[in-house]
Each structure stands twice: as C-alpha cells, then as structure tokens.
Amino acid sequence: MLSPFLHLSETPLHIFYSLISLFSSLILTIPLHIHTPFSHFHQIHHSSSQNSVKNPKFRLKNCYPNGFLKHCCETSGFFLLLRGWVLMTMKVTQKVKDSEKIIWDQMRSVSGSHNRAFLKFMVWLFLFASTTYMVYTLKLVSYKSCNNNDVFSHNSLFIHSSEINSSKSSKSIRPVIVKEETEEKLEEKTGLEHIVFGIAASAKLWDKRKEYIKLWWKPEEEMRGIVWLDKPVKTSKGDGESLPELRISGDTSRFAYRNRQGHRSAIRISRIVSETLRLGRENVRWFVMGDDDTVFVTDNLVRILNKYDHNQYYYIGSSSESHLQNIYFSYSMAYGGGGFAISYPLAKALEKMQDKCIQRYPGLYGSDDRMQACMAELGVPLTKELGFHQYDVYGNLFGLLASHPIAPLVTLHHLDVVEPIFPNVTRVKALRRLTVPMKLDSAGLMQQSICYDKANGWTISVSWGFAVQIFRGVLSPREIEMPSRTFLNWYKRADYTAYAFNTRPVARNPCQKPFVFYLSSAKMDPSSNQTVSQYTRHRVPHPACKWKTTDPADVDRVQVYKKPDPHLWDRSPRRNCCRVLSSKGKSMVVDVGVCKEGELNEV
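With the numbering used here as the guide, the letters of the sequence shown map in order to residues 708 to 1310.
Hints are computed from structural coordinates only; laboratory data are not their basis. From a predicted model like this one, the values you see are computed outputs, not experimental measurements. For each residue, glycine too, the CB sits at the ideal point set by N, CA and C. Keep in mind that a hint or two might mislead.
[Unchecked claim] Here are the simulated DSBU-like cross-link-like pairs (lysine-lysine), alpha carbons at most 30 Å apart as the crow flies:
(1) Lys921 / Lys1146
(2) Lys938 / Lys921
(3) Lys925 / Lys1146
(4) Lys1230 / Lys1146
(5) Lys1303 / Lys1291
(6) Lys1146 / Lys915
[Said to hold, decoys possible] Cβ pair distances, simulated, as ranges:
(7) Ala1201 / Arg1139: 29 to 37 Å
(8) Ala1251 / Met1189: 33 to 41 Å
(9) Ala1201 / Tyr1038: 37 to 45 Å
(10) Thr1142 / Lys1091: 20 to 28 Å
(11) Lys941 / Leu1093: 20 to 28 Å
(12) Arg1067 / Tyr1203: 14 to 22 Å
(13) Met1231 / Met1060: 20 to 28 Å
(14) Asp914 / Thr1142: 18 to 26 Å
(15) Leu922 / Ile955: 23 to 31 Å
(16) Arg971 / Lys1091: 39 to 47 Å
(17) Leu922 / Arg1067: 37 to 45 Å
Throw the hints in and build the complete structure from the sequences for me.
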C-alpha cells in the first residue's frame, strides 16, 4: 500500500503509479455485496452473451427502490467508475448467478438509454481528469529539466516526514553558522593586543631616549614589545612598569660588513623582527619596528593596520622626506626610524631566509636597506602610508606639522635632531603636551583645516592639537596646504629641490608673515560632547605692515571647538572644514568638523 506521503525526489511517473495504487486500494476495500450499477457493470462484463437478453420485462424499481440509482449516480459515480475500471484492468473473474444476469438483462431493456448516456458522461469525465493530470505532469518534468534544483524540494505539497525533520535540523543549524561567521568578522578587527613592537636601542643613549618611549607606551592596555639593546644597561625603579621588556640582541659577528661609512650595528638592528618572532608570542598579527627616538600614535597605528589583511604579506611604511636620501637608498624602502609594520606571515617567511639574505649584501649601509633587499627577494613591495614620518630634516618642524598630509599621524622620528615642537620647553615636555589632544581625538591630531574671516580679511589655518595660524589677506587652500620651509634638508642646505614633496617659501613680505598660536590646553566638554582647545599667541617681533587691514596682533588666543571623530579615517580622505564663529577683541572662536553638504574652502 502507498504511504500517505510522497518522497520529494520521486519523478512524476512514480507519483502517477503511486496514486493509481492508492486509488485501487481504496476502491477494493468497498464490500462487494453492495449493489450498485457498477457492480452489475462488472458482472455483465464477465457473463455470457446468451444471458444478456433474458427477462427483458424486469423492472428497475424492484431492484432499486425509491430511486436509488439516481442517488448513486449523483454522489459516487466517478469513484465507482474507478472501481469498475480497476476491476476490469485486473481481469478479476467471478461466478455470476443466473438470477443476477437475468436482472441485468431486464434492467438494460428498461433503462438502456439512460445508462448509455450516463456511461458516456463518466467516460468523458474520466478522460478530462486524466488529460489534465498528464498535462500537469509534463509541465513539472519540463520545469525540472530546466532547473538544476529539485522543484519538489520547494513546490511540492507532499513532504515526507523524514525530510521535514531534516529541513528543521538544517534551519536550526544555519543561524549558528551565521552567528559564528559574524563572531569571526568581529574578531578580525586588529587591536593593540595583536601587535608586537620591536624597538632598536643602544646602551649609550638609553637613559635619554627611554623617556620618548614612556610617552606612548601603554602597559595598562597590555601592549607587547621588546627593546633590543647592544649590551646590558642599568634600570631605574619604575622602568619595568612603564617600559617594554629589555633584551640583548644576538651575536652578529659571523656576518660580513663592508660599508666604510656605516656601522655594523645595522646588521643587529635588521634582525630585530626575526629575533622577536622567535620568541614565540601568541596571537600576533603584526610586528612593528621603530627606534628608541620614535614616538608612536598607537591608536592611529591600529587604524592603519586595520585597513589590511594580516594573513597576507604586507610591508607597510613610508619613504624619507629627503629626495636625496630616497635616491641614495630607495624609494621602495621603509625607513625604520619612521617605523614600519610587517604582517605575521611575511615575518615568518623573512625569518627563514634573512640570515642568508644578509650575507648576500655586506656592502649595504644600514638596517633599512638590508630589510628592503630581503623584501625584494621575497617579491613584496612597500605599501606606503603617509603618516609614518622619518623626518630626515634639521631645524623647526613647524612647517611640516602645520600642513600635515590628509592622513592619520602615526609616528614622529629624529626628535633629538630637530627643535622641540613647542617653543620654550624641552623636547620631552613638548611631546607630553601633544599627548593631551592625542588622548582626546587621536584621529584628528595635526589635521589641517582652512577657513576665512571675511570681516577682517584673514586666512585661518588650524592644525588641530598643535597650532593655529592667522594670515593677513586671502591665501588659497592650494598654497596653505603646502608646508612652509621652516626646516633644512638632511644635508643642512636650504634647497627646496631636495624634498620629496612640494613646499612653499617663508613669506618675505612682512604683511604676509603668519601670526602663530600654539596649543596651551585641551579638554573635553561633557555637556556638548566637544573638545575645547586653547591656542596662545607665540609672541615674537613682527615687522611693520603698511596694509590697511585689521591687525591680527590684537588677538591673544584662539579657542577651537571640535567633536571627536574616531571614524574619520573610515571615510574617504577629506580635510575638515573650519568656521569662524566670532573674532572680536582679543579672542577668536573657531569650530572645526566634518564639512557639510556643499561646504568648501572658497577664496
């Protein structure tokens, strides 16, 4: 007997045979002693032709009183027709009593015309039902041939109980899989816990330069890193809590060094990434290299690294500011003092071949070019990020910092070579002041905004967290965004062709000399969720100006409001906009933030 449910994988022909078996089983369960027109139809089919003409005077009402024939035809005709058809096709033979044969013959003589019309109607009805079913079946077969998926898995009305259970189990699994994928995506975001720093240091300068490291090292955030020294140093009380772990680099005496202008410590420093990898730290995605006089803005470093897949080979850093340095070494080299990052898989590949690679380049000058030589052998190019700053310059960094590229500030280097970034304080104190806005809004640190005070005819340039400049007259953004030459190149020459970027000369016109306001304080205003930073004028003599304009010398301080924007670098790069809110008396109030729709720095 056919199961009450059909398997979805069966073909339409199987379904047709199954339906016929089901109907046959149901029809055959009807008791044979019930006298219906179709039970006699079956009997007369198997009777002899001789008995079919006997007793023609038999009356229909004696066999079917009260019009029972009409009732049967109206309520169960088609069903009983199927029973008769099944019995005929199965060729079931029975003995027919002579009295029943005579009865049928007489019934035919009385109501033969009625039965013929009825049978004709039932035959046509059966043919119509069969044709409709066959057309539907052919459509299903045609659809299945055009579709790779099983149509019955989606459209059939009959579902087997085992498949219901399997579909329920699959539905219950899918949300778990989606949840796991979602959790994996959330875990992919890189944090400080995934970074291991390798810091190159020398025992000779350690007591002085360790103060730079204390400015950015965050032991409370479980940062990991190693300071690699050439020999042991004396440690002070409290250094263990505010500094990374100290280690001595491995012996490099077996490596040849033949550059007369350099120092063989370059070999030791070039192996820091490999030595750090061999320590076997867990859950590492990136190795970041820097010097002991490098200051990292770690939040921005994390933002940069999150742009890249740590499972791939990446060598991330930047070139020198000096065009001549880049020509002498390589524009494809990341400068170690400015810092660079190497993904974990690349570090593993480097560690396997670096010692042999170093042996092939004994004539190179420093550690950076040795590293780049091995990267070239591995076929990995430099991925440049403008926020890594080598600062191969001398003098005052003001021009570079006040016109910082539209990129997150990641590192500052050569802090012992250049002047303090804030005047009249030591280098360490100047950098400590910079850490205040760094904590408030690291993404916006040093980012330049340009606007105009039309009432006074001034041009305003805000380098948030560092300085504000007020210029007499109107200068175009194209000019203001270029660094002014407040510094000398690495060879201590005032040669503007020696830089790898555009610069503008310091203004010779006394009226165009900018009035500079340096950061004095910064805090967060909880009521407005804005940072409030104060910039105080740097009092230096200004030459007399004959322009008939308002003198910016009357302004003593500039107050800047800015909302923190941690997702600044998740969007396409664009300079923030500033708006002069008021400029009366001795103070100016400026608002800095994301540019509004249609807002631009129009001259």
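Do the hints match the structure? See the list:
With a CA separation close to 15 Å, the supplied pair Lys921 and Lys1146 stays within the 30 Å bound. Between Lys938 and Lys921 the alpha-carbon distance is near 20 Å, which keeps this suggested pair within the 30 Å criterion. Using a Cα cut-off of 30 Å, the hinted pair Lys925 and Lys1146 holds, with the two alpha carbons roughly 12 Å apart. Taking the CA atoms of Lys1230 and Lys1146, the gap is about 10 Å. The hint holds against a cut of 30 Å.
Distance restraint check for Lys1303 and Lys1291: the Cα-Cα separation of roughly 25 Å lies within the 30 Å cut-off, and the hinted pair is therefore satisfied. Distance hint between Lys1146 and Lys915 is fulfilled; the C-alpha atoms sit about 24 Å from each other, no more than 30 Å. In this structure the supplied range 29 to 37 Å holds for Ala1201 paired with Arg1139, their Cβ-Cβ distance being about 31 Å. Taken as a hint, the range 33 to 41 Å is violated for the pair Ala1251 and Met1189, whose Cβ atoms sit roughly 27 Å apart.
Checking the proposed 37 to 45 Å range against Ala1201 and Tyr1038 shows it is violated: the Cβ atoms sit about 23 Å from each other. Roughly 26 Å separates the CB atoms of Thr1142 and Lys1091, a value that falls within the hinted 20 to 28 Å. Range check, Lys941 to Leu1093: about 39 Å between beta-carbon atoms, so the 20 to 28 Å window is missed. Checked against the hint of 14 to 22 Å, the C-beta distance between Arg1067 and Tyr1203 comes to roughly 38 Å, which is inconsistent with it.
Checked against the hint of 20 to 28 Å, the pair Met1231 and Met1060 fails, with Cβ atoms roughly 49 Å apart. Distance hint for Asp914 and Thr1142: a CB-CB separation of about 21 Å, consistent with the stated range 18 to 26 Å. The beta-carbon spacing between Leu922 and Ile955, approximately 24 Å, falls within the hinted interval of 23 to 31 Å. Range check, Arg971 to Lys1091: Cβ separation about 29 Å, and the 39 to 47 Å hint is violated.
Here the CB-CB span from Leu922 to Arg1067 is close to 38 Å, well matched to the stated 37 to 45 Å.
Hints 8, 9, 11, 12, 13, 16 from the list above are not met by this structure, while the remaining hints are.
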